[in-house]
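Enquirer: So the chains spell out like this:
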Amino acid sequence: MNNTVPLPTPHTPGPAPTDDIPLEVHDLTVAYQKKPVLWGIDLVVPAGKLIGIIGPNGAGKSTLIKAILGQVPVSAGWVKVFGEPLKKNLRRIGYVPQRESVDWDFPVNVLDVVIMGRYGRLGLFQRPRREDVDIARACLDQVKMLPFANRQISNLSGGQQQRVFLARALAQEADLYFMDEPFAGVDAATESAIIGLLQELKSRGKTLMVVHHDLSTAKEYFDMLLLLNMRVVSFGPTEQVFNNELLQKTYGGRLTILTDVAEAVKQQS
Amino acid sequence: MPPSFQETVRTPNGRLRGRIGLSHLLFLAIASIPFAARAARVGDVVETSVWTQAVRFLTLSDPSVRYALLGAVLIGVSTGLLGSFIVVRRMAMAGDALSHAVLPGVALGFLWNMSKDPMAIFVGATLAGLLGTAFVSWITSTTRIKEDAALGMVLAGFFSVGLCLMSMIQGLPTGNKSGINSFIFGQAAAIGPSDLKLMAIVTVGALLGVGLFYRQLLVTSFDPGFARASGLPVRWVHHGLMLFLAFAVVIALQAVGVVLVSALLIIPAATAYLLTDRMHRMLAIAVAAGVAAGVAGSFVSFLAPALPTGPFIVLASASLFSAAFLFSPRQGLLLRWWHQRSRNARVARENTLKAIYHLSEAHGFKGEGALVRELAERRRSTLEEELVRIRGLVAAGWATLSDDRAVVYPTPAGWQRGSEIVRNHRLWELYLTNAAQISPDHVHEDAEKIEHVLGEELVRELERRLQFATVDPHGKAIPAIGDIRGSAPSRGDTTIGFRRSGP
Ligand SMILES: Nc1ncnc2c1ncn2[C@@H]1O[C@H](COP(=O)(O)OP(=O)(O)OP(=O)(O)O)[C@@H](O)[C@H]1O
Ligand SMILES: [Mg+2]
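Line by line, the protein sequences are chains A and B. Position one of the first sequence corresponds to residue -8 (my numbering), numbered consecutively onward. Position one of the second sequence corresponds to residue 25 (my numbering), numbered consecutively onward.
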């Protein structure tokens, strides 16, 4: 495994041109059936960083990603991707959903799934080209899944399925990646292989936001951490944010008041 | 509902779990047969023999036969295509609800100008179906009621409204009511040229739609979240699919009837799903199954004109499903049973060969064959049991039995196979003790299984890893490839165990 002591972040002096900011979230509020699950999220995400999103179950980590990607209705706030509304820059976004979000008995094989990563780049009636297939194969190779290219996806282990999803995101050739628990159900060897891959993407200037559950490795893996529990508890360089006080605030009981208020809001309407 | 069938359908590997209430559909199919006597007839033919009917059908001399057949083909294509997507999207219940919800539209379309005008009925039925679907989304999005309950309510509610309107139409003093009943259970012979025109338009539209937007349909069905994040119009694809689903249901009404049309969406697709694991092949197989069922069902119902078409088409597709369920190369019950059986038989034969080898080894590889008595003693079985096993060997060409049934002689091939099994066994034991550090008294059981599955490649790999060791963990010699191949008969000047000419 590579040594992963994060480099000190070079602060860009002065206001950066907007295109350099991969993601900007302003006052984002999301509610499910009137019950708010995210409150006033503000984020300005710098480029070329590997960022961990951390928080307890139900903190709204998946919801934040879905809201940024426009998959759940937003009650307030806005999102800008590379300085523009999301729709304009969808091609620059890669996404690894939670593994449980799809039906693994679906009649497709591994290569079919990875080629789906190319679909966003094809025209309305365009079929995947030779080149797209080659890229998909190369991405499978990067996650060491090329020998499984023709396997039906239900005949894969959980960790292999996770790697297929990762390969599909790689095939998107994006600049900003969102990954929801890419390490869930993955063995230690695969995990370190994946983190190596993510670090390589980062070194090529990509920005990655990764939902992660293991606090013992979070410090080592990520340049920056987003501590989330219905609101942004803290967001900053790992060495500044990863401390007991803030973690306590994220995982501790102090935020239950927000949950109570959310419940009250739901009752009211 | 018979739960037992549902259970068996779901068992193969659980792929159909939660997708399809097949038992529900079959129940409908069977329950509808008693109604047949009251339902409309296929063709207006009376009092003709089965033979003349069959000839009429097969020679296609009758225009109504030609229309019925062409209709069955068109319906098979459109329902097969759309049904496949319904099944993989776990929307079977939605298809069922939609198909029942069209009934009030059929009645209203009829009332529009008091005749069976295909266009009016098409429009009415499609609108009613889409309204039902919209109702379901409305209920699920504004209340906490889940989709299955909403679908159930809308299905039954719309269907009841439809039934009331139908009986009202029956009671009307005027108007040409003939044929309106055929929409309940289907009457392929009532298909006319103007129906066919609509069917052709819808089917061609479905083919074009699936052909042009296959990619979009595939990814939005598999992973809608990802599809949306890649900028694909998930919502539009869904609406388009539902619209064509409604069209496909409505054009199939005339032939199959409101009650059973959802079966045609689901059963051919489910059949295909058992047979393949690639979507494009599933589409092709579902279309083929739908067409075959449509043609077969129309044929049977044509032979017995007192019976409606719908149940026969559904029964035909259910038969196809059963056949796939039993005979599918991947998940078919029968084939799996057969493989299991032949595997067990092979393992039993190989074990007998192995016992012969062991016996021969105990005698220092002297003598020509193995005494059946000794073999039985060694394996603690009776002489009869042993003879049954030996007969299996003889049938497979791996041994011969002396005329007095006292001695068994392995053939060269049998001896070779027996040596291979022993070698595999001992190699594997050695590997487990050496490489995996499992204690020697724990490895036998495992080797008993592994010895039958190791292929040539793996054996060579094992030998290499074990540096061509010649002795197993229990101190016994591992038969080397050289001994097994070619020079098999003798080790030095010792005959090792198979019959030579002469005494
Ligand atoms: N589709 C939904 N409908 C209603 N409520 C939902 C829905 N999805 C999530 N929620 C609620 O929103 C809150 C945040 O859920 P979310 O899935 O974003 O949490 P998470 O941080 O990703 O949790 P986990 O660590 O378990 O993945 C939870 O309280 C959850 O109950
Ligand atoms: Mg989550």
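It is possible that part of the hints are untrue.
[Unchecked claim] With the Cβ distance kept under 8 Å, some of the chain A side facing chain B (calculated, not the full set):
#, residue
1, 47
2, 60
3, 62
4, 64
5, 65
6, 66
7, 88
8, 92
9, 97
10, 99
11, 116
12, 183
None of these hints come from the bench; they were simulated from the model. By construction, the Cβ of each residue, glycine as well, lies at the ideal position given by its N, Cα and C atoms.
Enquirer: Just to be careful: measuring from the Cβ of residue 47 (chain A) to every Cβ in chain B, is the smallest value less than 8 Å?
Expert: Violated: closest Cβ of chain B sits about 22 Å from residue 47 (chain A), beyond 8 Å.
Enquirer: Minimum Cβ distance from residue 65 (chain A) to chain B below 8 Å?
Expert: violated, 14 Å
Enquirer: Would you settle whether the hint for residue 97 (chain A) is holds or violated, based on the nearest Cβ-Cβ distance to chain B being less than 8 Å?
Expert: holds, 5 Å
Enquirer: The hint names residue 116 (chain A) as touching chain B; please verify it with the least Cβ-Cβ distance against 8 Å.
Expert: Check passed: Cβ of residue 116 (chain A) comes within 6 Å of chain B, closer than 8 Å.
Enquirer: Please verify that hint: residue 64 (chain A), Cβ, nearest Cβ of chain B, below 8 Å or not.
Expert: violated, 11 Å
Enquirer: Checking hints one by one. Is residue 88 (chain A) an interface residue toward chain B, by the C-beta closer than 8 Å rule?
Expert: holds, 5 Å
Enquirer: Can the hint on residue 183 (chain A) be confirmed by a CB-to-CB distance to chain B that is less than 8 Å?
Expert: violated, 24 Å
Enquirer: Hint validation: residue 92 (chain A) versus chain B, beta carbon distance must be below 8 Å. Holds or violated?
Expert: This hint holds: residue 92 (chain A) lies near chain B, its Cβ roughly 6 Å from the closest one there, short of 8 Å.
Enquirer: Next item in the hint list is residue 62 (chain A). Is there a CB on chain B closer than 8 Å to its CB?
Expert: OK, holds: residue 62 (chain A) within 8 Å of chain B, min 6 Å.
Enquirer: Measuring from the C-beta of residue 99 (chain A) to each C-beta in chain B, is the shortest one below 8 Å?
Expert: holds, 6 Å
Enquirer: When the nearest CB of chain B is found for residue 66 (chain A), is that gap smaller than 8 Å?
Expert: This interface hint is violated because 15 Å lies over the 8 Å limit.
Enquirer: Does residue 60 (chain A) pass the interface check with chain B, least Cβ-Cβ distance below 8 Å?
Expert: holds, 5 Å
Of the hints listed earlier, those the structure fails to meet are numbers 1, 4, 5, 6, 12, in rising order.
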